[in-house]
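Asker: As they're listed, the protein sequences go chains A and B.
With the numbering used here, letter number 54 in the first sequence gets 54, and the count goes up by one each step, no holes.
With the numbering used here, letter number 47 in the second sequence gets 47, and the count goes up by one each step, no holes.
Simulated from the structure, these hints should not be mistaken for lab results.
Any given hint could turn out to be false.
Claimed, not checked - Sample of chain B residues with no beta-carbon within 10 Å of chain A, all distances over it, derived: (1) D76; (2) N88; (3) T114; (4) Y156; (5) T200; (6) Q230; (7) K263; (8) K274.
Stated by the list, open to error - Here are the in silico distance ranges between beta carbons for each label pair: (9) L98/A x D152/B: 29 to 35 Å; (10) T200/B x A105/A: 46 to 52 Å; (11) A105/A x K142/B: 43 to 49 Å.
Nothing here was measured: the structure is a model prediction, and the numbers come from that model.
We put the beta carbon where it would ideally sit given N, CA and C, even for glycine.
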Amino acid sequence: MIRILTLIFIGFLFVLTGNIQAQSAADLVEQCANDAGKDATYLKDFIVKLGEAKAGSKHPVARYPLVLSKNNVYRFNVCTTEQSEGKAIIRLYDSNRLIFSSYDANTQEEFNPFNFLCQKTGIYHVFISFIDGKSGEAVGILSYVMK
Amino acid sequence: MIRKSILFLLSFALILSCQSRKGKLADAELDILDSLELAADIQISEEALDEIVQSVSSPIEMAALIKEIGTPFSLDYLATTDYVDRYNTSFQMAYSLGVFGADLGYLNIYNKNTQIVDYLTAINKLADGIRVGQFFDFVTLKRLATSRENIDSLMYISVNSFNNIDSYLRENNRGHLSALMMTGVWIEGMFLATQVANETSNPALSERIGEQKLNLNNLFLILNPYKSQQQIADLLTQMNEIKEVFDQVEITYEMGEPETVEKDGMVMIVQNEKSNVQITDEQLQQIINKTEEVRNKLIAF
Numbered sequence: 001m002i003r004i005l006t007l008i009f010i011g012f013l014f015v016l017t018g019n020i021q022a023q024s025a026a027d028l029v030e031q032c033a034n035d036a037g038k039d040a041t042y043l044k045d046f047i048v049k050l051g052e053a054k055a056g057s058k059h060p061v062a063r064y065p066l067v068l069s070k071n072n073v074y075r076f077n078v079c080t081t082e083q084s085e086g087k088a089i090i091r092l093y094d095s096n097r098l099i100f101s102s103y104d105a106n107t108q109e110e111f112n113p114f115n116f117l118c119q120k121t122g123i124y125h126v127f128i129s130f131i132d133g134k135s136g137e138a139v140g141i142l143s144y145v146m147k
Numbered sequence: 001m002i003r004k005s006i007l008f009l010l011s012f013a014l015i016l017s018c019q020s021r022k023g024k025l026a027d028a029e030l031d032i033l034d035s036l037e038l039a040a041d042i043q044i045s046e047e048a049l050d051e052i053v054q055s056v057s058s059p060i061e062m063a064a065l066i067k068e069i070g071t072p073f074s075l076d077y078l079a080t081t082d083y084v085d086r087y088n089t090s091f092q093m094a095y096s097l098g099v100f101g102a103d104l105g106y107l108n109i110y111n112k113n114t115q116i117v118d119y120l121t122a123i124n125k126l127a128d129g130i131r132v133g134q135f136f137d138f139v140t141l142k143r144l145a146t147s148r149e150n151i152d153s154l155m156y157i158s159v160n161s162f163n164n165i166d167s168y169l170r171e172n173n174r175g176h177l178s179a180l181m182m183t184g185v186w187i188e189g190m191f192l193a194t195q196v197a198n199e200t201s202n203p204a205l206s207e208r209i210g211e212q213k214l215n216l217n218n219l220f221l222i223l224n225p226y227k228s229q230q231q232i233a234d235l236l237t238q239m240n241e242i243k244e245v246f247d248q249v250e251i252t253y254e255m256g257e258p259e260t261v262e263k264d265g266m267v268m269i270v271q272n273e274k275s276n277v278q279i280t281d282e283q284l285q286q287i288i289n290k291t292e293e294v295r296n297k298l299i300a301f
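With these hints in hand, go ahead and build the complete structure from the sequences.
Answerer: Shown next, in the form of structure tokens:
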């Protein structure tokens with residue numbers, strides 16, 4: 001009987017841990033949405049958790065589709081959790097073509113956040129990964145910039 | 001020892017149940033008339049469907065454009081919350097949740113906090129009705145709306161709540177309700193835009209309306225897997241009347257390379273590839289009329 005109760009208790013702990021993790025993600029989304037700036041209105045978030053890249057294989061990446069509208073200015077920013085091994089990068093793609101990356105690997109410069117003046121309504125993709133394929137957790141934010 | 005352990009577990013369970021609003025669920029909510037069962041004829045993969053759903057644009061953008069072109073606020077554009085108690089099937093509740101969500105976006109953009117409370121109350125009722133009330137922080141939202149303290153937080157929590165509701169529905173095999181909610185958001189957003197276009201001629205607004213062809217096609221892809229359900233089949237039939245007009249709207253593209261500039265100390269990427277919408281006045285008028293007809297029919301239930 002005590003063994004069963006212990007198992008139930010462990011089950012409860014798992015549920016509680018899940019709630020705490022969900023809460024942490026929610027906090028990070030809110031903080032990252034605030035980081036986008038006063039002139040930006042939050043539209044969407046992208047919560048990412050990626051493992052470390054295996055030797056010789058491509059870096060893990062999370063991909064999200066989104067529709068962007070002509071004549072709108074959008075802001076993209078990304079926040080990495082403190083526990084992460086790597087730093088997150090957010091990239092915007094139109095079909096298979098890279099429009100912009102928040103990190104320039106050649107100069108090691110960061111552009112976080114960056115704005116995008118959209119002139120073509122259509123489906124775009126946001127890619128989030130970590131520098132050098134390290135593991136980590138991050139939140140990407142898409143905001144609308146008020147004119 | 002066993003008794004102590006049971007008491008401890010019961011206390012623990014009580015703490016857990018207090019962490020979310022799930023405890024607020026009334027028994028009646030579990031008896032909602034849910035005529036929508038998961039369709040057996042889903043033809044596109046869950047992953048593909050998920051991608052399409054995520055790519056439907058936000059109602060905030062349409063409301064922001066309406067404000068940016070100088071349109072004065074009008075309550076006449078909004079769906080009334082007076083009949084929210086009559087919505088008692090999951091179809092009606094999910095669809096109306098989307099409708100009021102779009103209206104809430106419009107009210108948020110215009111900072112109309114007094115009216116916002118009515119819509120928050122209606123949304124809260126509908127969210128509880130389809131058992132997603134735990135994602136809608138009614139108490140905080142109401143406090144922010146009535147105190148007029150933090151408009152940014154009100155907007156953030158509203159949008160975030162809808163995003164969370166949508167994700168939860170899709171992740172828990174209730175994608176049909178997410179699809180209905182998205183449809184409600186889109187049709188109401190279209191109604192707002194077309195009502196303004198009917199009163200004010202504005203090229204940017206006409207173009208934005210024409211561009212909705214893309215979102216409408218996405219909605220058909222989202223709803224189609226559930227068309228074996230009579231209510232969704234009827235909804236698609238009505239939406240097809242709008243689609244037939246949209247099919248005549250042409251969208252062309254100009255190629256160009258993006259440029260990077262610095263504006264206000266921040267990097268801005270200016271896209272030079274452009275989309276151009278060809279929409280005649282007649283087509284626009286047909287879209288305005290058809291949207292009004294379909295929208296009014298749907299909210300009448």
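Asker: Evaluate each hint against the coordinates.
Answerer: Hints, one by one, checked against the model:
1. No Cβ of chain A approaches the Cβ of D76/B within 10 Å, the least distance being about 25 Å, so the stated non-interface status holds.
2. Every C-beta of chain A lies more than 10 Å from that of N88/B, the closest at about 31 Å, which supports listing it as non-interface.
3. Against the 10 Å criterion, T114/B stays outside the reach of chain A, whose nearest CB is about 21 Å from its own CB.
4. Taking the minimum C-beta to C-beta distance to chain A, about 5 Å, the non-interface status of Y156/B is violated against the 10 Å cut.
5. With a closest Cβ-Cβ approach of about 17 Å to chain A, T200/B is found to remain outside the 10 Å limit, as its non-interface label requires.
6. Against the 10 Å criterion, Q230/B stays outside the reach of chain A, whose nearest CB is about 30 Å from its own CB.
7. At the 10 Å boundary, the C-beta of K263/B falls inside the reach of chain A, the nearest C-beta of that chain being 7 Å off.
8. Here K274/B does not stay apart from chain A, with its beta-carbon only about 5 Å from theirs, under the 10 Å limit.
9. At roughly 32 Å, the beta carbons of L98/A and D152/B sit within the given window of 29 to 35 Å.
10. Checked against the given bound of 46 to 52 Å, the beta carbons of T200/B and A105/A, roughly 48 Å apart, stay inside it.
11. In this structure the hint that A105/A and K142/B lie 43 to 49 Å apart at CB holds, the actual value being about 47 Å.
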